[in-house]
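*Asks:* Sequence:
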Amino acid sequence: MHHFSRRTLLRGVGVSMALPWLESLSVWADEQTPERQSSEAPKRFAVLFAGNGFHKDHWWARGAGADLELGEVLSPLREHRDKVLFIRGLYNEQALKGNIHSSQTGNLLSGAPLASGGEIRSGTSIDQVLAQTYGRSTKVPSLVLGCEKSNPSVHKNYSMLYSSHISWSSPTTPTPLELYPALAFDRLFRDTADAGDRSVLDAVLDDARRLRRGVSRSDQQKLDEYLHSVREVEQRIERAGNRGELQGWRPAMAKPNIPRPADGIPQDIGEHMRLMCDILVLAFQTDTTRICTLKLNNDHSALRFPNLGVDYMIHHLLSHQESDDWLKVNQFFVQQLAYIAGRLDAIQEGERTLLDNSMLMFCSSMLTGSHNASQLPVIIVGSGGGTLATGRSLDYLDNPNRKMCSLYLSLMDRFGVHLDEFGDSRERLPGV
Numbered sequence: 008m009h010h011f012s013r014r015t016l017l018r019g020v021g022v023s024m025a026l027p028w029l030e031s032l033s034v035w036a037d038e039q040t041p042e043r044q045s046s047e048a049p050k051r052f053a054v055l056f057a058g059n060g061f062h063k064d065h066w067w068a069r070g071a072g073a074d075l076e077l078g079e080v081l082s083p084l085r086e087h088r089d090k091v092l093f094i095r096g097l098y099n100e101q102a103l104k105g106n107i108h109s110s111q112t113g114n115l116l117s118g119a120p121l122a123s124g125g126e127i128r129s130g131t132s133i134d135q136v137l138a139q140t141y142g143r144s145t146k147v148p149s150l151v152l153g154c155e156k157s158n159p160s161v162h163k164n165y166s167m168l169y170s171s172h173i174s175w176s177s178p179t180t181p182t183p184l185e186l187y188p189a190l191a192f193d194r195l196f197r198d199t200a201d202a203g204d205r206s207v208l209d210a211v212l213d214d215a216r217r218l219r220r221g222v223s224r225s226d227q228q229k230l231d232e233y234l235h236s237v238r239e240v241e242q243r244i245e246r247a248g249n250r251g252e253l254q255g256w257r258p259a260m261a262k263p264n265i266p267r268p269a270d271g272i273p274q275d276i277g278e279h280m281r282l283m284c285d286i287l288v289l290a291f292q293t294d295t296t297r298i299c300t301l302k303l304n305n306d307h308s309a310l311r312f313p314n315l316g317v318d319y320m321i322h323h324l325l326s327h328q329e330s331d332d333w334l335k336v337n338q339f340f341v342q343q344l345a346y347i348a349g350r351l352d353a354i355q356e357g358e359r360t361l362l363d364n365s366m367l368m369f370c371s372s373m374l375t376g377s378h379n380a381s382q383l384p385v386i387i388v389g390s391g392g393g394t395l396a397t398g399r400s401l402d403y404l405d406n407p408n409r410k411m412c413s414l415y416l417s418l419m420d421r422f423g424v425h426l427d428e429f430g431d432s433r434e435r436l437p438g439v
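Note that the working numbering numbers the sequence shown so that position 246 is 253, with each residue one more than the last.
Incorrect hints may have been included.
Within a straight-line C-alpha distance of at most 20 angstroms, the following computed EDC-like cross-link-like pairs (lysine to aspartate or glutamate) qualify [stated by the list, open to error]:
(1) K104 with E126
(2) K146 with D193
(3) K63 with D331
Since the hints were made in silico from the structure, they are not lab data.
Model the full assembly from the supplied sequences, consistent with the hints where possible.
*Replies:* What follows is the structure, encoded as structure tokens:
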């Protein structure tokens with residue numbers, strides 16, 4: 008059996024591509040010892056955000072294990088119910104002060120008080136706290152993806168940048184969102200900005216062929232599947248944006264009066280989200296990063312959904328009615344989470360799957376579109392390397408400790424980041 012360091016990479020001119028977990032390679036820098044007989048894959052953490060809350064009648068879960076029941080909003084996750092942890096009743100006290108979208112979103116992952124008057128001050132978010140410590144051993148400390156542009160305006164005395172960002176590198180610095188799938192892809196695999204249009208795979212194939220000769224048959228198959236998935240994402244990025252399907256606000260012209268920019272944002276929101284989901288999976292699969300946030304839309308979102316036949320109203324206005332179309336849009340967002348979960352669960356890493364080695368937290372900054380932030384919608388998929396019991400529904404609504412930041416303290420412990428306090432909490436969330 009060959010032994011390599013965890014940072015074993017396929018390399019080409021201007022390109023480096025980290026490997027997935029292979030049984031033939033000791034890829035996690037834990038060489039076999041008498042006390043430790045096999046490689047242990049790292050844990051990953053991702054936050055997926057959907058703005059404006061969910062249908063009030065259909066966001067629920069009850070029961071446990073194989074009998075865990077999920078409401079209609081969460082129906083796309085039913086095949087993964089044994090790996091779902093549903094958490095009810097948590098909240099951020101500071102988010103109750105403004106009672107508008109921006110004042111409820113800017114501190115979702117930090118619990119920090121927000122500056123008003125158009126100023127920008129929040130708190131460092133949980134993903135960036137993890138990135139500054141746990142994420143330092145990977146090529147990309149954290150990947151921050153988005154599917155809707157930031158809004159720089161001010162609404163009712165609060166900056167709308169709070170509605171546009173959930174990841175904060177410091178109290179005054181929202182982490183820049185990567186909206187372009189091609190640039191997110193390049194950040195994972197390219198070493199230079201001027202590597203040109205050459206395929207990532209074309210650049211590393213010689214190295215891949217040499218590696219393939221020295222690994223087991225099952226690893227050869229896994230390597231082939233991985234390289235195929237990278238090629239597929241490359242090809243879909245090339246095709247994205249050509250269909251001309253418009254999302255968000257309606258432009259004054261039916262056709263553009265300038266040439267289409269290269270490597271732009273896909274205009275089909277379904278394709279845009281799915282590409283970002285695939286990039287997240289590739290990032291985790293290659294251990295290029297272990298921390299990711301994917302902001303599917305803004306709070307106070309202007310997205311439309313012609314792909315769902317819901318093109319008559321923007322997301323924000325649709326959230327003010329409890330209609331069948333609102334439920335359909337809710338399910339579309341949860342489908343992105345279910346897709347990621349399915350992809351990760353199909354990737355084996357030793358005795359567990361990549362989903363088992365991850366925690367995917369799906370959340371919004373309000374329970375419903377009526378700005379109800381007295382309790383927040385939270386689900387986690389994946390057990391973080393077996394450290395989190397799933398297939399459960401937990402209710403903290405009547406618990407004296409029901410702070411989101413208590414949950415964050417508990418989750419950070421799983422990654423070896425032990426803090427005495429975070430945001431507005433000094434204690435862990437019991438039962439997690």
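*Asks:* Does the alpha-carbon distance linking K146 and D193 stay inside the 20 angstroms limit?
*Replies:* Cα-Cα ~12 angstroms, so holds.
*Asks:* Can you confirm whether the C-alpha distance between K63 and D331 stays at or below 20 angstroms?
*Replies:* holds (12 angstroms)
*Asks:* Does K104 pair with E126 here, judged by a C-alpha cut-off of 20 angstroms?
*Replies:* holds (16 angstroms)
In the structure shown, no violation is registered for any of the earlier numbered hints.
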